Amino acid sequence: MKKLIFSLVILFIVSCETEVTNDITLNGSAPRLIINGGIERNTTTPLAEQRIELTSTIGFLDTGDPTPITDAQVSVNDGTTNFDFAHVGNGVYTNSDIVATLDTEYTVTIIWQNEMYVGSDTLTEVPNFDNVYAEFEAETLFTDEGYFVKFDATDPAGIENYYYYRVYKNGEFFIVADPGNSFTLVESDEFFDGQQRVGVKPNEEVIFQIGDTAKVEQLSITEAYHDFLVELFTQTGNQGLSFVGNPPPASIRSNVLNTDTPSNRALGYFYTVDVAEETIEIVE
Amino acid sequence: MKLYVSILFLLSFFMAQAQDQYTLSGYIKDKASGESLWGVNITVSANQGTITNDYGFYSIKLAKGTYKVSVTYLGFKTIEKEVVLDSDQKISFELEEDSAELGEVIITADKATKAVQSTEMSVVTLTSKTIKKLPTVLGEPDLLKSIQLLPGVSSVNDAASGFNVRGGSADQNLILLDDAVIYNASHLFGFFSVFNTDAVKDLKLYKGGIPSVYGGRLSSVLDIKQKEGNTKDFNAELGIGLISSKGLAEGPIFKDENGEAKGSYMLAGRTSYIGLFAGLSEEFKDTKVSFYDINLKANYSINKNNRIFLSGYFGRDNFEIDNFLGTRWGNATGTLRWTSVLSDDLFLQTSAIFSNYDYNLDNLRTGSEFRWNSNILNYNFKPRLTWFINANNTLKTGFDYTYYNFQPGEIKPLKNSSINPEKFREKFGAEIGAYVDLKQKLSEKLSLQYGFRISNFNRIGKDVIPTYATGNPLTYDAVQDIYQENEVTGETAFSKGKKIKDFYGFEPRFSARYLINDNSSVKFSYNRMYQYLHLISNTTSATPLDVWAPSGPFLKPQYSDQIALGYFQSLKDNKYDFNAEVYYKKMNDVTDFIDGADLLFTKSIETEVAQGEGRAYGFELQVNKNKGKLTGWLSYTLARSERKVLGINNNQFYASNNDQLHELNLVGMYKLNDRWEFGGNFVFGSGKPVTYPTGQYEQNGIVVADYQNRNGDRLPAYHRLDVSATLYPKKGNRGKWIFSLANLYNRQNAASIYFREVSELNGVEMSTGTTEAIKLSYFGIVPSVTYQFKF
Chain Z
1 MKKLIFSLVI LFIVSCETEV TNDITLNGSA PRLIINGGIE RNTTTPLAEQ RIELTSTIGF
61 LDTGDPTPIT DAQVSVNDGT TNFDFAHVGN GVYTNSDIVA TLDTEYTVTI IWQNEMYVGS
121 DTLTEVPNFD NVYAEFEAET LFTDEGYFVK FDATDPAGIE NYYYYRVYKN GEFFIVADPG
181 NSFTLVESDE FFDGQQRVGV KPNEEVIFQI GDTAKVEQLS ITEAYHDFLV ELFTQTGNQG
241 LSFVGNPPPA SIRSNVLNTD TPSNRALGYF YTVDVAEETI EIVE
Chain G
285 MKLYVSILFL LSFFMAQAQD QYTLSGYIKD KASGESLWGV NITVSANQGT ITNDYGFYSI
345 KLAKGTYKVS VTYLGFKTIE KEVVLDSDQK ISFELEEDSA ELGEVIITAD KATKAVQSTE
405 MSVVTLTSKT IKKLPTVLGE PDLLKSIQLL PGVSSVNDAA SGFNVRGGSA DQNLILLDDA
465 VIYNASHLFG FFSVFNTDAV KDLKLYKGGI PSVYGGRLSS VLDIKQKEGN TKDFNAELGI
525 GLISSKGLAE GPIFKDENGE AKGSYMLAGR TSYIGLFAGL SEEFKDTKVS FYDINLKANY
585 SINKNNRIFL SGYFGRDNFE IDNFLGTRWG NATGTLRWTS VLSDDLFLQT SAIFSNYDYN
645 LDNLRTGSEF RWNSNILNYN FKPRLTWFIN ANNTLKTGFD YTYYNFQPGE IKPLKNSSIN
705 PEKFREKFGA EIGAYVDLKQ KLSEKLSLQY GFRISNFNRI GKDVIPTYAT GNPLTYDAVQ
765 DIYQENEVTG ETAFSKGKKI KDFYGFEPRF SARYLINDNS SVKFSYNRMY QYLHLISNTT
825 SATPLDVWAP SGPFLKPQYS DQIALGYFQS LKDNKYDFNA EVYYKKMNDV TDFIDGADLL
885 FTKSIETEVA QGEGRAYGFE LQVNKNKGKL TGWLSYTLAR SERKVLGINN NQFYASNNDQ
945 LHELNLVGMY KLNDRWEFGG NFVFGSGKPV TYPTGQYEQN GIVVADYQNR NGDRLPAYHR
1005 LDVSATLYPK KGNRGKWIFS LANLYNRQNA ASIYFREVSE LNGVEMSTGT TEAIKLSYFG
1065 IVPSVTYQFK F
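Protein sequences, first through last, are from chains Z and G. Residue numbers for the first sequence, in this note's numbering: 1 to 284. Residue numbers for the second sequence, in this note's numbering: 285 to 1075.
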């Protein structure tokens, strides 16, 4: 997919991308709170703890990672009980008491720099894969040759489902910014409600070799989180081409709102997901 | 009602005045091809005269007497004839091209004095002859790229579908090809326009002072006329270029016993072979790229006073990547027109038109293959009566009726995919605009053209309209600065043809010209325009996949008011002319998508867009050199275009995507001798608005940018020089060569600058956390050769 640009570029004998990082001066903004994490339910490999990462923004072209927030108070409420999260280092907060439960609305409350941020999401059930397998594919315009992980899955009829896919290669979570992400990594069943889909690639950018281990996760997400991810993957996949969709960039709105100073918005998402997973060995 | 009464009164006044006068009328044609010529000056005395209409017809009422009639049209030899007017007379003229002047004239239809004397302002005309003399990218003369060399006209970038006039958006241009609306004028995602210059006779672009006979768009009217076809001889042309080839055939039909043709035809075709280049490369062998278009026109004179025209256009683009995606789009139009000289001073034209724009988008990825179809179809009926009341007054009246059928989308599974077929509800509408336009010469010095248009848009069934909890699809939450979608609480079904919602617009139009002396004038104009269709695009420039949406319960029509003031001057016996205009345009209820809008495959556009206001103002200057070996023009525009929409950019005005402070165009054509001609143009524009990130964060393993102000930053300035040379054949040979070098000094102009996370380390794809800024430029220096011949 990354090469889509080049296939269009062939229209012109010369056409080019130039790195201009050093010519650009960006206006910065005051650091914003970033939330990255949520509540996960996984019946195959139950999680030992729930995890939320808090950081603050840095300039886009700054080197280094966003600044970890180590002094926030984080808690999650499931409607009856309040669970406090403890900072375990590097901006990561954990709690091992929560038992992720279906059809439950979880609300996160964060207090940072004397301001309160609140957001919630609801955990919905995910169907299992029908089958996960790998197939060899020759080189194409977008990809090198190699083994691709594919799955068959049946969508439950009559209910709105939204999916998010995660692929792990030899235990490492794999993702790269790519224009294809908004079409592959997230899906709505709007047009395939109740159908079995066959031969779907959960991530078109991961290529496996014989002997690799592949883990695929199908996550059930809410419509709001789906819309957030579509926007996120559309923006991060932007290749500057106005004619194949170059949405005017805009801040992607979080579901976690600042209740004290609303204009001092938080970014990122507090999600609740149900995870179905399958692991395979790549063989000939 | 009062207005009608006063108009009737006015008319009866003219009738009374019309006693003891005779009418001189007829047609004016090109002697070589038989094409009718419009805008030809017919003068009968120092201050009495008229011009031919779109069909080459003229009519003038004069007192009994003897007149020396002179027929002048730049590029043609002047005819002078003495006419004794003691009865109504029909005299037609055939003008011969003036070869001495040929090739020197650039803005042919507008002789410098005409620019000064006409009541029209903010108007440009270009003939395809001129367009073909301008240097081109890849050797393909391009109508839309040519008009961008004029003041007040620009585009978002080199590959944008559409153009922007005086700060308006691309959907605010009414593009007419032989009266049929063209909804998308782009080939190859906007690198080329759909108009084959061989098939086009000329164009007229109204940037302001738009007469009441036109309506339906806020910012401009681009009226393009196809060639009628040679009524004298058969003629065929072939052009072979680097990326496309084209052919044209034209000739007389229905010759009578005297060898006079009762009609003529023109058929032109163009096809690209750009896809062949893709096929040559191993890497791109799976990519298919192509476009083609067909233009045709035929006319037949039933008798002296009645003529029938049939014209059509069909074009298609195809872009496909195997196993990934495919898209096709195109326009199809057909126009049947009847013109009739009812009496010496009444001219009636009636057109029946259909126009369709459709696109499909194929998802070819395994497991979920489907085809998405969308189209907009309209039928149009336009009668118009022109009454040449007397030498000082011409009245036009008529109406445009349009029936629309919008098909927002239909999904069909391809192969054995698991996609469920689905069809989104069609939408229907009817638009009618009735107008009166009077051209009036009040005195030697003062001429007016004014009138009004009453427009009405009716959104009709069959449809089902949802009801939202608060009455509106969206509610703006001012505290969190975000739009919340409201819950659908019910729906109302409307049967076929039943009114859902209707809108009325009163559109006054006015322009005045005051002659300071024979060589200079000042002009003023005002117009109000209504637009009932909206092109909903969530990209920075229009794309072929954008959705046209009609006004309705949740989407208001847009309207604008524009005033302009201009000064026109011709110098040194029309060798030069000069004009300067200032304008201010206020736009209301223009649409913009809300932050984070997702328009692909959406059922309810109303939940993705917000409406707000726009303002555009500027100063335009143009100097033309009309005669001599070197001809050309210099144009300069100083302008601003802004939008303000609730919920976008903290509710403050922000620069619109096409905002550009300075724009300078220098166009020159030099005729060395009978064999060599050279052309050049230089373009400079200050940077277009862009939104740069203000921060970064990580989410799900990838780096995400955060933004604050929409269009708060600027791309680097754009500039480019193109040159071309044309070698005409020696006498007897029929071929001609055109060499061109676009972007001579290889400037890598930024089409966009975007920001990304580096996703490769040592050739391995992975998330790196490192960020960079990338400039994308579409073309550097592009040489090309085209060979054309006639047979």
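Note that these hints are calculated values from the structure, not bench results. None of these values were measured; they are calculated from a predicted model. Treat the hints with care, as some may be off.
What the hints assert, rightly or not - Pairs of lysine-lysine, BS3-like flavour, derived with a Cα cap of 27 angstroms:
1) Lys485(G) to Lys785(G)
2) Lys785(G) to Lys150(Z)
3) Lys707(G) to Lys785(G)
4) Lys666(G) to Lys746(G)
5) Lys485(G) to Lys413(G)
6) Lys150(Z) to Lys696(G)
What the hints assert, rightly or not - Incomplete in silico selection of chain Z near chain G, CB under 10 angstroms:
7) Asn27
8) Leu102
9) Glu105
10) Ser120
11) Asp155
12) Leu229
13) Gln239
What the hints assert, rightly or not - Over 12 angstroms on every C-beta distance to chain Z, these chain G residues come out as not near it, computed from the model:
14) Asp304
15) Glu380
16) Ser585
17) Leu609
18) Lys725
19) Thr751
20) Pro973
21) Gly1064
Glycine included, every Cβ here is placed at the ideal spot set by N, Cα and C.
> Which hints, by number, does the structure contradict?
Replying inline: Failing hints, ascending: 1, 2, 8, 9, 10, 17, 20, 21.
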